[in-house]
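Quick note, the sequences are listed as chains A and B, same order.
Under my numbering, the letters of the first sequence match residues 1 to 392, in that order.
Under my numbering, the letters of the second sequence match residues 393 to 683, in that order.
What the hints contain is simulated information worked out from the structure, not anything from laboratory work.
Chain B regions said to be covered by chain A (calculated; three or more residues, Cβ under 8 Å): (1) 401-412; (2) 642-651.
Over the 12 Å line for every Cβ pair with chain B, so calculated as not near, a few chain A residues: (3) 49; (4) 73; (5) 82; (6) 134; (7) 136; (8) 175; (9) 182; (10) 195; (11) 205; (12) 209; (13) 303; (14) 318; (15) 356.
Virtual Cβ for every residue (Gly too), placed ideally from N, Cα, C.
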Amino acid sequence: MRTKLHTVAAASAAVVVLASCSSGDGGSGGTAASGELTGEGTGESCTIEAEVPIGAVLSLTGAAASYGESQQRGLELAAEELAETDGVTYDLTIEDDQTDPRQAITLFDQFVQEDVSLIIGPTLSNAAVQADPIAQDAGVPVLGISNTAAGVTDIGDYIFRNSLTEQAVIPQTVAAATEEFGLENVVVMYSNDDAFTESGYEAFAAALEEEGVEISETITFSKTDTDFRALLTQAQASDPDALVVSALIEAAVPLVTQAREMGIEVPIIGGNGFNNPQLMADAGEAAEGVVVGAAWNSSSDNPENQAFLAAYEEKYGAQPDQFAAQAYTGLKLVDRAVRANCAADHESIQQALGELEDVPTVLGEFSIDENRDAEHPAVVQVVEDGSFTVLQ
Amino acid sequence: MQQLLNGIFIGSIYALFAIGFTLVFGILDRLNLAHPAVFAASAFVGIELVERVGLSLWAALPIVFVVGALLGLVIERVAFRPLKGRADAHFAGLISSIALAGMLIAVLQWRYGPDTRRFPPGSFPDTRYEVAGAQVTLVQLVILAISLALMVGLTYMVTRTRLGRGMRAVAENPTAARVLGVNVDRITAVTFAISSALGAVAGVLFAINVNTAQLGMGSAIELKGLAVIIVGGMGSLPGALIGGLVLGLAEVFAVQYIGSSWRDVIAFGLLFIILLLRPQGLLGARKVREV
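Bound conformation, chain A alone (with noise of 0.2 Å):
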């Protein structure tokens, strides 16, 4: 109900723009309500007159809710902050998807018809690959923050993402653990039934090919797997130097246990799967030494990072996660690009985005690559008496 009204106050707040706007105003997206959009000045000198209206669809219940969550506090956190620097104002309207595609592809049509400047989300990447497509058709730019699944930018050129595909994010994992660990031989463990642990294979086989390192042995699962007994005892049968992981948490905590307790001490270098707290919190003791790369590294000192560490703490009172940093960042990166033109209309903007370099951020040096994707270094994490460290 709440969505309906929503959608009728919105609707009737684009009339009453389209009958305030005269013919003169002339501005180059050609929309209604982009005319008001365009601004004077640059950078932080740019000033606009209207309010840029941002749509976010993300997963604020079902089963991505824990992600959703992190998220929605990362882009509130950053439109405070947004909302006390002068001269661009956002309306900010952040939409629940219930991890459900078909949700988010209703949600997107909704926010294409209110005409947004641009639409941030959805969380997952399968609900991307569906609902994306709806903004592309209309010329209404995306920016996803925590889709990492390869192919979601191939849907078209207003689709844009800042967070790391695993295709990024593993070669550096794997490259920073040969050279500490020495790895020439290594067992490869992956769940061959789920599309992400599956493409989280394909490009841990193709960095370890391009490393040099032997896989002297690929042994599947299946997701839903907990015993991992009799498949560590043939791995540890091959004497690797470490065991490579692709795989979701829930199959991460029980392998990396039974793991240690069969007296497997060799480093276990895992996906992105692997990237979350639980894992220290459930599997314990058997978690350390447990490699795993990331796209924000929690304990980064550029100024970007600590600042926004401090903003988080003081607002939620607990520390942000990975998500909560992409959201975060997601909406400070548009923010630049707005300000870039100073113009808020949809050309301005997807022009804008493409075009971001070594912007300092709370990921790093950031700039979006000539596919739109994200491109900053990635952090390769090691666990330490029960928490992520930089490997050095």
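Take the given structure of chain A and dock chain B to it, following the hints.
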């Protein structure tokens, strides 16, 4: 050696799950597909008792046992009893128990969310033994011991006690049993209660053994449990234990000698072969159905 032990311990988990399953099936001729949901629910209840209430695992287990028994009574009352007079009671009960399982899982998800949980570290002694160069944990030994004890205890109960005689009478012919003064409804309810209580204990031990509990943990081994009761001989308690071990060993040796992707192909292929050679299962008696 390690793989042999792995096989035995995986097998004893299957057996533990299947013993309760097969009890209802053997005596009442009903397939209770809410059993996997009880398995998951009990693990979550057990974790709640240890984590929130602060009970020790040993204090929590009897409570979980009772909760499991109560769930069994509910399952019998809601999913099976209303349908017992119908001509298609087997099939209708099967479906309604699936429906009840779905509701139970939905309630669990509402209460606990989708995340996996586990028993707090140290709730079970982390003792390990080395047997001929292979690692064995105390949990695994306890699971094996409990499976064996349950098999022996239940077999004794079914063959020697008054309750067991009633169960067998009901298994043979419910109508005749009723005529002879056996309280069929009571026997049925008690059978469900015992079955679910065993499933509940199995769920807790399973969650400790693999250090994780999730909503789908029951359905992940449901099919294996069904295979075990069929391989073992439907309704045969020693058969459930032997069937579990056969399946566990088959899986482990498939991993060892053929490849991990072929695990289920080999395990279930074995099921087909056993059924071809012994349609009644390893320890099952040939059933003669009157038409």
